[in-house]
Amino acid sequence: MMAEEFLKVNNISKSFAGVHALQNVSFTINTGEIHCLIGENGSGKSTMIKIIAGVYEPDEGEIIIAGKKFKRLHPIDTIREGIQIIYQDFSLFPNFTVAENIALNSQLSENKKLVNMREVRRIAREALESINVSMDLDMLVGQMSVADKQLIAISRALLQNARLIIMDEPTTALTNREVKSLFKVINNLKDKGISTMFVSHKLNEVLEIADRTMVFRNGVKVIDADAKEFDQAKMVYYMTGHNIEEESYKCPDNLREGTPLLSVKSLTSTGNFRDISFDLFSQEIVGITGLLGSGRTELALALFGINPAESGEIIINGEKVRINSASDALKCGIGYVPEDRLTEGLFLERPIGQNIIATTIDKLLNKIRLINQQKMENEIKNWIDGLTIKTNSAQNPVKSLSGGNQQRVVLAKWLASNPRILILNGPTVGVDIGSKTELHETIKNLARQGLGVIVVSDDIPELLHVCNRILLMREGKIVNEFCASEVNEDELAVMLAEG
Amino acid sequence: MLKKIIKTNEFFVAMILIVLCLFIGILNPVFFTLQNLFDLCRSATVMGIFAMGALIVIISGGVDVSFTAIAISAMYITVKILLALNFTGTVVVAIALSALIGLIMGLINAAIIAFFKIPTLIATLGTQSLFQGFLLFFIGSKYINNVPDGMLRFARTNLVTTTTSSGAITGLQAGILILIGVAIIVWFILRFTMIGRGIYAIGGSREAAERAGFNVVAIQFFIYGLVGILAGIGGAVFGSHYKQANPFDLVGTELNTIAAVVLGGALITGGKGTVFGAILGVSLVVVINNSLVLIGVPSEWQKVVLGIILIIGAGIPAYKNMMAEKRLKANLSE
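Protein chains in written order, with my numbering: chain A, 3 to 501; chain B, 470 to 803.
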C-alpha cells in the first residue's frame, strides 16, 4: 500500500540572533504514521514544533499540509488543517471539569455563544470513548494525575478533527504502566489514520512505538529512516555524534566486610512495604527497583523520615537510630534527592550559587552572624567545579541550565550538608542522554569517595550501569537481590515486568 | 449528591449564617420581625449589586477596588445633571444614566489593564484615586441634600408593607428587585454563555485560555465594562436609599464587598466562585454589620467578629485544599 503524505516540511531554516536553530530541515509524515523525533536539548526539536504550530515564522522553506502549501503558518491555520499540538503542560484548565476541558475548545472554535452542559458532557463522553478511556466527567482536572490530563488533552485534540497530533515529550512524567496505555492510545489513533509525531529522548520508548524515526543534532536532521533500522546504540550515536560506552560500576571486592554504613532490618510500613532488610556499605551503589506500587518510593521516603516506618530497625554505622522526620535523617547523615527536582528541589529563579548553599547557609556565617562572602564564594566554586556544572557564572538563575546540570545543582545542594548516605530517586528523569552519562559518572565518583548511595529507579540501563547491587521489590517486599554484573538488560526487564 | 453539597463553600457559609441568625434571634426576638428583615434586605441591596461585579472580576483572577469610586462618581454626576435639568421623570432614566457613566469608567479600567498589562489591583487602585479626584475637582465636592423626584419616588416604593409595633409603616424596598435581576443575569452569563466560561477560563489559566482561542482582551473589556455598569446601577440605588449625593461616600467600603465575595467561596486567585455563594457572603456581612447591635455587641466588636469570620471562612477552604493536594500528591507518588 502506497502511503499518503500528510505533512511535508521542505528546507526549513530558522535562526535566532544569528544562531542557527534549524538548518535546511526537510521531512515527511504520512497518514497514520507514528513518526518519532529525537535529539538532545538544543537540537532544534522545539523550534521545529513551534514552526509547525505557527508560533515561529521560518526564515526559509515551506510547509505543505495535505497538499496545501504554506510559506508561513498562523496558529489558526495549523488547527484548521488538522494539526494539534499537545504541549508538556497540556494547556488545560485546572478549575474546569473533565467534560468541559475536553469539549470547550471545539465549542469555542465552532463559535458557539451559549454553553449547553448536557451537550458538553455528551461530546466529552464520546471523545473519551473514541480512545477507549473512561473517567469521571465531573471531576476537576486540577485534581487529576498527569496521565489522565494527557488523555484529556488527547481527546480534546481529536475533537478538533486532528489528523496529526504532535506530542512534546509526552512520557516525561508518566510511570511505566501509564506509558503503556498511552502507547495503546497512539496505536489506536494510527488504526484510524491519524498520524502522531512523538518527540522524545527516551530511546526505549521510541524503539517500541516508532514507524519512522528521525534524529536532530544542532539544528540539522542527521538521519531519517525506517524505525527497524535503529537500535539504542545507533540512536545514541546519531544524537551525540559519538559512541557512548558506559562502563558499569566496579567497587572493591572486599567491600562487603566489616560494619555496614546502613543496615535495615525487618522494616515495615503497613500498606506500603513489609519486612525489608538489606545492608549498604561505604562505596556501594545499591539500586532499588520495582513496578508502580511496589513500594520503592515509600521505602526511600521512610529511610529519609518523610513517611516513617512503623516497625523494624535502622542501624547506621553499627548504631541503632530512630528516623521520624527529615531532620532526624539529616542528623544521621542521610541525604535525599527527590524525583521532581523542579518543584521539590530548586528555586528556579534564583542564582545557581544561592541554590547550592541553600541548606548549609548557617555554616557560612562569620562571628556576627552575617554571611562570610569569601567563604560562600569558595564553597560555591568548589561545588561547581567538583560536579562540573556547566555555567559561566554562579549568578545565573538555575532555570538557565539544562536538565542534567539542574540535577547537579540539586546534588550539590544535598552534598553540601556532607551526607554519608545519599538516596537518589529517579536521578535522571527528564535528563538527555549525554548529560545522563555524565551524571552517572558523578554518582559513581561520589561512591568512590566513600559515600553509600541508594538509587531508586526503573530505568534498566541506568540500574545496570550505575549500581553494583540491585534489590527488586514486588508488592512491598524485596523478592530478589543480585549483583548488577550477573544480569543483562533483557533478563532484568523480564524480572521487572513479572512484578 | 448530599455529600457533594456538604463539601461546598456555600454550604459552610450558609451554616454560619443560619447559626448566627438563630443565635441573634433567640437572644433578641426583634431580629425575626418583618421590619428587621426588610431593613436587612435594604442594606444588602447595594452591596449585593456591587458584589456581583466584584465576583466577576475575582473569578477572572483580578481584583477591582475602583467600583466604589465609579459608583459614587456616576451617581453624583447623574444627580447633578438631572437636578440641573429639573428632570422629574422615572428613576429608570437616573439608573440608566448612572450605568452609562459607570460603563465609560469601567472601559477606562479595561483599557489600562489590557494595554499596559499591569496587575488589576494596581490599575484599579490608580483609577479609584483618579475617578474620585476627577469627581471632586471637576464635578463638585459639595454635599447635595436632594435627589431627583424619580429617585425619591423609587425610594418610597415598597413591594409589601407592614406596620410596626409603634404604628409606623415600613416595607420591603423595591431596590431588591434590581439586585435579583442583576443576580439572575450574572448567573446566566457565568453559567451558560461562552464569554462566562471564558471568564472562568482566564481565571484558571490565562495561557491555556489564549491557546484555546479565547479573546482574552475582549473578555477583559467585557468584565470591566460590566463591572462599571453594575457600579453605576448600585450607585443610583444607593443615592435613592439615602436621598442625598455625598461625593465622599462609599469609597473606602470596597474591601467589605470583596470580603463578602471571598467569604462566599470565590477564590481570590481566580477560576472559582458562584453567584449564590456571593449572595450568601453578602448576607452574612450584612447580618454582622446590622444585627449584632441587637444583642448588645458594641459596634467596634462587629469589626472583630467580621474579621474572625472572614479568616475562618477563607482559612477553612484553603486548609481543605491544602489537605486535598497533599492526598493527591501522596496518591501520585505511587
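Hints in this document: simulated from the structure, not taken from any laboratory.
Each residue gets a CB set at the ideal place from its N, CA and C atoms; glycine is no exception.
Just so you know, not all the hints are guaranteed correct.
[What the hints assert, rightly or not] Some chain B residues near chain A, calculated using beta-carbon distances under 8 Å:
#1 A565
#2 G609
#3 R675
#4 A793
[What the hints assert, rightly or not] In silico lysine-lysine, DSSO-like type, Cα no more than 30 Å apart, as pairs:
#5 B:K772 <-> A:K52
#6 A:K151 <-> B:K549
#7 A:K151 <-> B:K473
#8 A:K479 <-> A:K182
#9 A:K401 <-> B:K586
#10 A:K230 <-> A:K252
#11 A:K252 <-> A:K267
#12 A:K151 <-> B:K476
Going straight from one Cα to the other, do K230 of chain A and K252 of chain A come out at no more than 30 Å?
Not satisfied, since the Cα-Cα distance of roughly 34 Å exceeds 30 Å.
Can you confirm whether the C-alpha distance between K479 of chain A and K182 of chain A stays at or below 30 Å?
holds, 24 Å
Report holds or violated for the interface hint on R675 of chain B, using the least CB-CB distance to chain A and a cut-off of 8 Å.
violated, 10 Å
Hint status (Cβ of A565 of chain B to nearest Cβ of chain A, threshold 8 Å)
Violated, about 25 Å.
Would you check the hint for K151 of chain A and K549 of chain B, treating anything up to 30 Å between C-alpha atoms as holding?
Not satisfied, since the Cα-Cα distance of roughly 57 Å exceeds 30 Å.
Holds or violated: K252 of chain A to K267 of chain A, with C-alpha atoms at most 30 Å apart:
holds, 26 Å
Against the 30 Å threshold, does the CA-CA distance of K151 of chain A and K476 of chain B hold or violate the hint?
Holds, because 24 Å separates the two Cα atoms, which is no more than 30 Å.
Once the shortest beta carbon distance from G609 of chain B to chain A is found, is it less than 8 Å?
violated, 42 Å
Checking one constraint from the list: CA of K772 of chain B to CA of K52 of chain A, max 30 Å. Satisfied?
violated, 54 Å
Are K151 of chain A and K473 of chain B close enough, with their CA atoms no more than 30 Å apart?
With a Cα-Cα distance of about 23 Å, the restraint between K151 of chain A and K473 of chain B holds, given a limit of 30 Å.
Are the Cα positions of K401 of chain A and K586 of chain B separated by 30 Å at most?
Distance ~24 Å between K401 of chain A and K586 of chain B Cα, so the pair holds.
Evaluation of the interface hint that places A793 of chain B against chain A, nearest CB under 8 Å
holds, 7 Å
In terms of the numbered hints stated before, the structure departs from hints 1, 2, 3, 5, 6 and 10, listed from lowest to highest.
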